[in-house]
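Heads up: the protein sequence lines correspond to chains A and B, in order. First residue of the first sequence: 1, per my numbering; consecutive thereafter. First residue of the second sequence: 1, per my numbering; consecutive thereafter.
FYI, nobody ran anything at the bench for these hints, they're computed from the structure. One or more hints might be untrue.
Derived contacts from chain B toward chain A, CB cut-off under 8 Å, selection only [what the hints assert, rightly or not]:
#1 Gly28
#2 Asn52
#3 Arg56
#4 Gly125
#5 Tyr209
#6 Val342
#7 Thr344
Simulated coverage check for chain B against chain A, where a stretch passes if three residues somewhere in it have a Cβ under 8 Å from a Cβ of chain A [stated by the list, open to error]:
#8 95-102
#9 133-146
#10 211-219
Backbone N, C-alpha and C define an ideal beta-carbon position, used for all residues, glycine too.
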Amino acid sequence: MKRLFVTACAVLAGCAAEPVPYHSQNEIPRGPGLLTGPEGEFVLSAEDYREYQEWRARKRAQEAK
Amino acid sequence: MKRTVFFGALTLAAANAAAQGIELRLSGQINRAIMNVDDGVEDEWFNVDNGNSSTRFRFNAEGDVAPGMKAGILFEVEYKSNPSSDVRFGDRDISPSLNERHMDVFFRGGWGTVRLGQGDGAANGASEVDLSGTTVAHYAASPDIGGAFQYRTSAGALSGASVSATISNQDFESRYDRVLYQTPLFSGFMAEASWGNKEADVVEAALRYSGKIGALGTLAGALGYSNEEGTAGAIDDETIGGSISWLHPSGINLTYTHTTRDLAGRDGEFDYFKAGYKFGKHAVSIDYGMGNDQAAAGDEATVYGIGYVFTPIAWAEIFALYKRHSMDRPGASLEDIDFGMVGTRVKF
């Protein structure tokens, strides 16, 4: 049994099989999301944070008037 | 108050991410179903969260920390109202709570990946490799749907033997606080090892493979080993096994799982077979599982079923399942339990 397993591993490793990442279907699926669009994730980045700071500054300025 | 703290934390995280040029990503899914259960005496409908892939959300981030090295975090929790694995006739209404899944810090480089925190042990999922496209409906862990239901005796009384106790796929040690090392991919192979602790120390190891084998399609598999140290005179909780799944380009697919777990005075065994067909937006499969000597010596539990998944759009699946659990216990005559389920998983 061990010999069969080692042989199978050697054949798979040696026969130029193309590696494919395995993603369990029981995890959150890859790909698009209902709200997140094609990317499938909401992304908070430096740009978003700058926009948030600018929006907050504008709002404060309006409230101060 | 909680909401303020939550969004405050998000803002802080975004601010720090901004400083490092790292993006913070948020994603999740909702997975709900209607389930019918008939145990020979009672027959009821349940509104459940599908335990095959529960309702959950996550944050993750990754960025460069040094030449050739990345670091990141993964934070994932589930929020299940009426989990399909926990409801039963005596408890049809289970309040949701946030349950930990991943709270991980990781470092990744040419030498592999190190993960620290709450998350998968090295062998978690090694008995659940499955390329059928129907795992949201059914897979090796059949107690994720209806695991809390008990078999009835022929006289109609509850036997004390539940589905989850008698036909577990014995998927090693699941998730816990640990440190995990994963090698880089080598011709589709990856090895993993982890050490951590629950009440006692846990050690796990696994070898995984996933690759395209030319005109024969795709092959994926895993072998796993786990050992949780026994406490107060108990034996070590040792499990060994694995799974293999093959998907032919025609859509025909086959899956097999076997695990053996050391129990006091006996070995708990699990075997699982699945055959399926994927075509276009559809996937259908039949399965058969056997659990022997798991809850008690001499127990023989079986499950067979048929599952179907329709994916009309990339972010939504509609699924249906019928399955029957049966149980033979020496000296007892137990009724079958039938399950039917229809539901949908939506990624947001």
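Structure-based check of all given hints:
Look at glycine 28/B: its Cβ gets to within about 7 Å of chain A, closer than 8 Å, so that hint holds up. Nearest Cβ of chain A to the Cβ of asparagine 52/B: about 6 Å, under the 8 Å cut. The hint holds. Below 8 Å, beta-carbon pairs count as interface contacts, and arginine 56/B has one with chain A at about 7 Å; its hint therefore holds. This hint holds: glycine 125/B has a C-beta 6 Å from the nearest C-beta of chain A, less than the 8 Å allowed.
Against a cut-off of 8 Å between C-beta atoms, the interface hint on tyrosine 209/B holds, since the closest Cβ of chain A lies about 6 Å away. Annotation: valine 342/B was flagged as interfacial toward chain A, and the flag is violated, the nearest CB pair being 18 Å apart, outside 8 Å. A distance limit of 8 Å between C-beta atoms decides the matter here; for threonine 344/B the minimum to chain A is near 11 Å, and the interface restraint is violated. Residues of the segment 95-102 of chain B with a Cβ under 8 Å from some Cβ of chain A number 0, which does not satisfy the need for three, so the listed coverage is violated.
Taking a C-beta to C-beta cut-off of 8 Å, the segment 133-146 of chain B contributes 4 residues in contact with chain A, enough for the three needed, and the coverage statement holds. By the rule of at least three residues with a Cβ nearer than 8 Å to a Cβ of chain A, the coverage given for the segment 211-219 of chain B holds, with 6 such residues.
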